[in-house]
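*Asks:* So the protein lines, in turn, are chains Z and S. Here the first sequence stands for residues 6 to 216, numbered as in this note's numbering. Here the second sequence stands for residues 475 to 918, numbered as in this note's numbering.
No false leads were slipped in.
DEER-style ranges, computed between Cβ atoms:
id: 1; chain 1: Z; residue 1: T206; chain 2: S; residue 2: V847; range: 29 to 39 Å
id: 2; chain 1: S; residue 1: E913; chain 2: Z; residue 2: K52; range: 46 to 56 Å
id: 3; chain 1: S; residue 1: K912; chain 2: Z; residue 2: G193; range: 32 to 42 Å
id: 4; chain 1: Z; residue 1: T206; chain 2: S; residue 2: E647; range: 56 to 66 Å
Simulated from the structure, these hints should not be mistaken for lab results. Where is the CB? At the ideal position from N, CA and C, for every residue including glycine.
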Amino acid sequence: MAADLVYALSELKEGEALEIVRKRLDAGEDPLLILDDARRAMGIVGKRFEEGTYFIPDLIYSGEILQAISEMVKPRMTKEAAGRKAGKVVLGTVKGDIHDIGKNIVAFMLDLNGFEVYDIGIDVPPEKFVEKIRETNAPVVALSGFLTLAFDAMKATVEAIENAGLRDKVKIIIGGGNMNEDIRKYAGADAYGVDAVAAVTFAEKVVASSR
Amino acid sequence: METTTKVQENLEAWCNPPIPFPTKDVERSYKERARRIADAILLKKPDRIPLMPMWEFFYAKYAGYTCEEVMYDAQKAEDSVIKTVTDLQPDGFQGPIFFMTGPVLEAYGSKDVLWPGHGLPVDQAHQFVEGEYMKANEYDAFLEDPSDFMLRYYLPRVSGNLKALATTTPMRENFAYFTTFGGWAGLGTPEGLEALDAIRNLSKASFEYASFLGSVIGKLVMMGFPPWHGSLTEAPFDVLGDTLRGTKGIMLDMYRQPDVLKEACEKTVNIMAQFTMNTARANGNHPIVFIPLHKGTAATRDGKGGFMSLKQFEEFYWPTLRKLMGILIENGFVPNLLCEGDFTSRLEIIRDVPPGTCIYHFEHIDMHKAKKVLGDRVCIRGCVPIHIMTLGTPDDVRKAAKEQIDILGEGGGYIMDTTMASEQVKPENMRALIEFTKEYGVYR
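All chains, please: the whole structure from these sequences, using the hints.
*Replies:* Rendered as structure tokens:
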């Protein structure tokens, strides 16, 4: 039974996955075990995305199915499952840019991998990033941007973090389909990524090295 | 395969237009520029590599105006275009299709665009606000009567001022004698009458916008500069995905309702073909059609990431795009695909077009592979990276341009351009790109 859900969800078989969850809940199974299987399936999805056999539509679709599963499972849960939180990440699309799909996928992947994500939205001014970093003490900051104007906004955000005396308390990654080493240097970030997996890898490295 | 005759004829006519140029010199300059571009499209070696830079809001930056100014002030808008083109002298110039649309967007009460001064700083170009403007269960409504869908579903959702159109009855029901009164009564409410006023304002603003475009383009033609396109269209999948279903919506549709999605794409082919050809014919039968591609892309060279798999590209995205391209080619038009993202993994598929009929403009492409796979079929356009144009120096630009020319320019069939348009491009970098290409891009 357990393997069926992992298979169904990772293979994006929506109808089957939801039917399996329904049956398992009706059989009185512990909701946390169902969520564990769902997480395992999402791990496979993430790996396939990294390997280049799954793409953004697959991430979005699996996210939808997972959402539906969570909604079925939540009312049956007796207490909030704390879940192991791997670390905190402040995430947002920089000022002047309203693209959010990539950012949302990063938030989703980070959350999936146990991170506590503070997604502060789109068109975020540098001050708001600084504010959130101070408030949460997050060690990882992820700046999303797609347009050419984002390069300057990323640079301004890094500078604002520096001026606030917080630069050495965080590691900063810039992300978006157009990112490269030149832009990373220009913005003064620690790393760049062109997909959500890069964000997860970066966050894991930062948290591991601080332990 | 479609015949290439009409394309060749149309390009020839474009190079020899019955236009009363003011002087022989101007006539010669126009014809040289058009010929250069036409030869590149036909996979010949022109005298030198033609330049067709995607400019848009760069015009404003070059002339020292904000993006907002050129969206509202016709004189400043026109001045910026004429100054930039006459100073920098490209071969094909970009028609400023977003300039003077401020009044149009305001009359519309647009919810799906942010523009300078309206949701964005005055010196930043517009951005699109995607949404599910067509719900997942509304494909049947769209398929049954696309015009009705536009009027009563789509427009009320994206246009604040046309909300009341949602309360009218379908026009298709107004065929019998006394039912028409009932049909129009829906718009007789205070909100309905406001919507009719909005349509009046919108039509007036649109007419003024069209007149502005015609005037600017006409003036530059009479100075010897051909515009590089005369119409615009999208892949059917993008029409549905960009404006109607939104990215998330259409991605889910590929899994949840693939058949009706394909049916809607098929329906859109003819709608877009007619729209495009009518626009082109109204613009002097200009051969080149600008087709920006959005949702079919991979993100990286090896095909990783991106908005769909290769399989989904072959199943959902390419067939109806190819059909649309086929209709255009048969009628003598040149599809100019702007392949946003990375199309390296899709090269073998998009090679399937008649030789010398298309321009493929690339962004993050493997240039060697592109030239190898497409060199004998398609004119390649690009691909100086936009981040070098905005952040680099003229030396960086020249270095990048040389690399492009060495790999892509070999043997002809190549047009110089940047990978993207941006208002952040440094004027000295654009000047360097143009001057370098005119010098180094000569075919000896």
